[in-house]
Amino acid sequence: MALASSPHLLLLPLQSILLLLLAAKSSAQQTILFIDCGNTTYTSPSPYESNLHALISNLTASIPTLPSLYSNITVGNTPSSQIYGLAQCRPDASPATCLDCLNRSAAAASGAEVPIFGGGRGCPLRKSASVSADLCVLRYSDRSFFSQPDESKHLRLRNVVNASDPERFSERVNALMEEIIPEAAKAESRFAVRVSKSSNLEDIYAMAWCTRDLYSRDCLHCLNQTMGYLPSTYVGGRVFLVSCSLRFETYAFFSTPAAPPAVPPTESKASPPPELGNAHAPSTAVKNGTGNGSNAAKTVVVVVISIAFVLAVL
1 MALASSPHLL LLPLQSILLL LLAAKSSAQQ TILFIDCGNT TYTSPSPYES NLHALISNLT
61 ASIPTLPSLY SNITVGNTPS SQIYGLAQCR PDASPATCLD CLNRSAAAAS GAEVPIFGGG
121 RGCPLRKSAS VSADLCVLRY SDRSFFSQPD ESKHLRLRNV VNASDPERFS ERVNALMEEI
181 IPEAAKAESR FAVRVSKSSN LEDIYAMAWC TRDLYSRDCL HCLNQTMGYL PSTYVGGRVF
241 LVSCSLRFET YAFFSTPAAP PAVPPTESKA SPPPELGNAH APSTAVKNGT GNGSNAAKTV
301 VVVVISIAFV LAVL
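Position 91 of the sequence shown, counting from 1, maps to 91 under the working numbering, and the rest follow consecutively.
Heads up, a few of these hints could be off.
Label-pair distances were calculated between CB atoms; the ranges are [said to hold, decoys possible]:
id, residue 1, residue 2, range
1, E179, P47, 46 to 54 Å
2, E113, V160, 26 to 34 Å
3, G118, S164, 28 to 36 Å
In short, the hints are calculated from the structure, not lab data. Positions of the beta carbon are idealized from the N, C-alpha and C atoms, including for glycine.
With the hints as constraints, model all of the structure from the sequences given.
Here is the structure:
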């Protein structure tokens, strides 16, 4: 009997393969993709450690319940133990997936054993950390970084598969990004997505996202910087900077946000943007800071294989 002639014989293996692919997709969404640790450390136990725990607890508990899925707070009243924190989830994340992403990001930052792309153990006992995953961003530091874009380091990920017509595909990716970058910079959520459909070429799904503390002009500049690192001749790619990210794929990886989030900072820099911490946040004292460090650009390039390509092969 020829195996190809019996659909019943093929059904179980196909189901098994699809389950494995779904598990792989879920695992990929849970993996921490970008993590940047500061150089200064704190001791344990210490007032700084206590304030860090309070800050993380507040952010992870409050953000999934907020319409904006975003907050920034400052904890501590003395300069030596004061800590600034920001966290946000993608506007299309559910409260449950937002909470899970933030918990994993906080665990990764603390040095717990959670999946981190490329390995590593996070930022244990470091005073500052920046963590990005598919659905969320978490940052904290002993120096204020609110509304200060950080473009000092980036991570570039790309698919191993070239587009069927690389030149034309790259033109379409760039045109799509030129549309959504200013759209994201102007949006209240600092987030924009768009799809480019084609009858004879691959469809392209694109996303642009900044941290919500950025002013519109700074978000625009950050995304334009990110654009320069985009591997646009491949069928998928993404670039992370600390303050923003771009992504494109040939499959849908986002859904439309359910409702418009709250208003972010205005363009005027005469005064800093208001703190948007939860009403039940710990007692805070907010001061202006000088950002979080190095201007030396650092680059990491990683090659990845998308699940969509595996499905296409099947």
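Each hint tested on the structure:
{"no.": "1", "hint": "E179 <-> P47: 46 to 54 Å", "in the structure": "holds, 48 Å"}
{"no.": "2", "hint": "E113 <-> V160: 26 to 34 Å", "in the structure": "holds, 28 Å"}
{"no.": "3", "hint": "G118 <-> S164: 28 to 36 Å", "in the structure": "holds, 29 Å"}
Taken one by one, the earlier hints all hold for this structure without exception.
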